[in-house]
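J.: Here's the letter readout for the chains.
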Amino acid sequence: MKSLLSLLILLIIPPISMAAIDAYQFPNDELSVRYHELIAQLRCPQCLNTNISGSDAMIAKDLRSETHRLLLDGKTDDEILDFMHERYGDFILYNPRVTLGTAVLWFAPLLFVLIALVTLVSIVRRRLVLGKPEVDVEQLNALLGKHEGEQR
Amino acid sequence: MTLNKSLLIPLVVFVLLILLLGLGFTLKDPHFLPSELIDKPFPEFSLVDLESAQTRTREDVLGDIVLVNVWATWCPNCLIEHPELTRIAADEGVTLVGVNYNDESVKARRWLQRHGDPYSFHIVDNEGRLAIDLGVYGAPETFVVDQQGVIRYRHVGPVTRDVWQRTLAPVIDLLESGV
Numbered sequence: 617m618k619s620l621l622s623l624l625i626l627l628i629i630p631p632i633s634m635a636a637i638d639a640y641q642f643p644n645d646e647l648s649v650r651y652h653e654l655i656a657q658l659r660c661p662q663c664l665n666t667n668i669s670g671s672d673a674m675i676a677k678d679l680r681s682e683t684h685r686l687l688l689d690g691k692t693d694d695e696i697l698d699f700m701h702e703r704y705g706d707f708i709l710y711n712p713r714v715t716l717g718t719a720v721l722w723f724a725p726l727l728f729v730l731i732a733l734v735t736l737v738s739i740v741r742r743r744l745v746l747g748k749p750e751v752d753v754e755q756l757n758a759l760l761g762k763h764e765g766e767q768r
Numbered sequence: 297m298t299l300n301k302s303l304l305i306p307l308v309v310f311v312l313l314i315l316l317l318g319l320g321f322t323l324k325d326p327h328f329l330p331s332e333l334i335d336k337p338f339p340e341f342s343l344v345d346l347e348s349a350q351t352r353t354r355e356d357v358l359g360d361i362v363l364v365n366v367w368a369t370w371c372p373n374c375l376i377e378h379p380e381l382t383r384i385a386a387d388e389g390v391t392l393v394g395v396n397y398n399d400e401s402v403k404a405r406r407w408l409q410r411h412g413d414p415y416s417f418h419i420v421d422n423e424g425r426l427a428i429d430l431g432v433y434g435a436p437e438t439f440v441v442d443q444q445g446v447i448r449y450r451h452v453g454p455v456t457r458d459v460w461q462r463t464l465a466p467v468i469d470l471l472e473s474g475v
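Those protein sequences? They're chains A and B, same order as listed.
Convert by adding 616 to the 1-based position in the first sequence; the result is the number in my numbering.
Convert by adding 296 to the 1-based position in the second sequence; the result is the number in my numbering.
If we strip away everything but chain B, and leave its shape as in the complex, we get (with noise of 0.2 Å):
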């Protein structure tokens, strides 16, 4: 039996259009926004500390390799990644610098009270204006940011043990290598 192959183009059409929107289901989550500021300066900022009067600024996130993680009372996930971060401080011996979004510092500090303070300090952000420079969408979210003051990766949602294996840990390896 002979078959008219141009009836079999609108199968194959078909079956590429499936493939096309199967592609969909891959993406594993629909909320992940590729970051623009890969590779792009940490903005500038002038803020103050949440447990003293300093103000800081963008020259003290310089120097060392930082993660520099968006945190804040209200939100779940914060204090679900927190053991992990304190340890990551703790036994990793990487920098942390919280930014404290959009949270009232009164609650924030009760809150590091609480659950322990792993970081060096922290950026009080109430009005969340440095979060939408970094591109900040919600909390919490991490960056590595190099010891130029470049950020050279972006995590968001919960910093957990398998975060840090897979991505976090060979991020700062390959910075700390690159020196």
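Next up, chain A with everything else stripped away, as it sits in the complex (with noise of 0.2 Å):
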């Protein structure tokens, strides 16, 4: 019984470490919700797959203290988010700049609707061709035993 009460308490209880919070003061809410927003689109260099938001690596932390120091700059999104690219390259931008090298990643998705598009569209039109109903006359009378000059 004590432990079934135990456990249900460390159910209920949230689980504290699950995203890091930090302390960080700002002036006014506009902000606190840049903050946030920022935060959220830094990929943490060190853990790969998760946002400076969610990492507790130390080095997400230190971004974290580095956006909200820029921010009290009173830096632009576009400028913080230039800052960190400066530093750490398209890795730790979630949303990757359109530029030579990762334009692979945003047009291949076009490419291949539009190769769908015209393999649908010969597809299509191959049918259109082919698509009338192709009787061998010749073939169909020799099965029905009819002679030629019959049909005609």
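For the record, the hints were derived by calculation from the structure and aren't laboratory data.
The beta carbon of each residue, even a glycine, is placed where N, CA and C say it ideally should be.
No incorrect hints appear here.
In silico DMTMM-like cross-links for lysine to aspartate or glutamate, where the CA-CA straight-line distance does not exceed 25 Å: (1) B:336 x A:698; (2) A:691 x A:645; (3) B:336 x A:678; (4) A:677 x B:429; (5) A:691 x A:706; (6) A:677 x A:638; (7) B:336 x A:695; (8) B:336 x A:694; (9) B:403 x A:678; (10) A:677 x B:332; (11) B:403 x B:413; (12) A:677 x B:423; (13) B:336 x B:355; (14) A:677 x A:702; (15) B:336 x B:469; (16) A:691 x A:702; (17) A:677 x A:706; (18) B:336 x A:702; (19) A:677 x A:645; (20) B:403 x A:672; (21) A:691 x A:678; (22) A:691 x B:429; (23) B:403 x B:423; (24) B:336 x A:706; (25) A:691 x B:332; (26) A:691 x A:646; (27) A:677 x B:340; (28) A:677 x B:400; (29) B:336 x A:693; (30) A:677 x A:693; (31) A:677 x A:689; (32) A:677 x B:345; (33) A:691 x B:340; (34) B:336 x B:472; (35) A:691 x B:423.
Quick list of simulated restraints, FRET-style, between CB atoms: (36) B:306 x A:709: 30 to 40 Å; (37) B:315 x A:709: 26 to 36 Å; (38) A:698 x B:445: 18 to 28 Å; (39) B:306 x A:744: 20 to 30 Å; (40) B:345 x A:729: 56 to 66 Å.
Dock chain one against chain two, each of which comes alone in its own frame, and use the hints as you go.
T.: Put into structure tokens, the structure is as follows:
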């Protein structure tokens, strides 16, 4: 009974370590909202598939503090993303920029849709051309045991 | 038997896809990030020295080919690479500069007393600000900085004998011969 109770308590208490919570102060709500938007779209360089908002890694913590500092300095979102991009490259942006290197990433889906469309059109066309019922009259007549003469 | 060639198209696409995905397995380390800072000047900084009250700036890194090594006492790989760094400083005559990253200076000094200090000096980067400017995302990381203070190479992870022979030494030789 006791263990059941403690299990219940454990289940009820929210997992504290789920997301890093820093006590950053912002002079207004707008900055705070932008802060949370920014740390959600920056990827933690250390942990592959987590944003810096959800990571406990040291570098994520440092980058959150840097984001906070840059916001207080009056930097725009673009300037902050540029700052991160200059230092950590394409990897850090969950929304990668369109460059020569990332062009494949951006345009491959479009290319696939185009290929699919071309294929579809060509298949439909072929069916339209070949689609008329193809009856070999001679063979049919032969099968039915009729003479050509009778047919005409 | 004649084969309808168009039936082969899905197979070809499939094989190409497998090859493309297979490429992913050949990437040695998914953690590896190409450095944005190669061929860019070493960042400006103004931080305190670990062993004196001196302020260290970018000027202190200039003049010679320097290995800038980002290390910390909490980093096990830093201990692993320490003997090799010590050897490089002693036998290869390369100047080593330490960046003590997100560490406690008292611990760092004790660590150096215990394991030896082959570095010319250490820059204390307790808030990781210089590390961010260097694009560092863990320790250890080692940068080759040329005579003009331009970052020419970056190594992520411990510097082993193999790393020295294969990458760092050739890069430094090239820089020395280029002068």
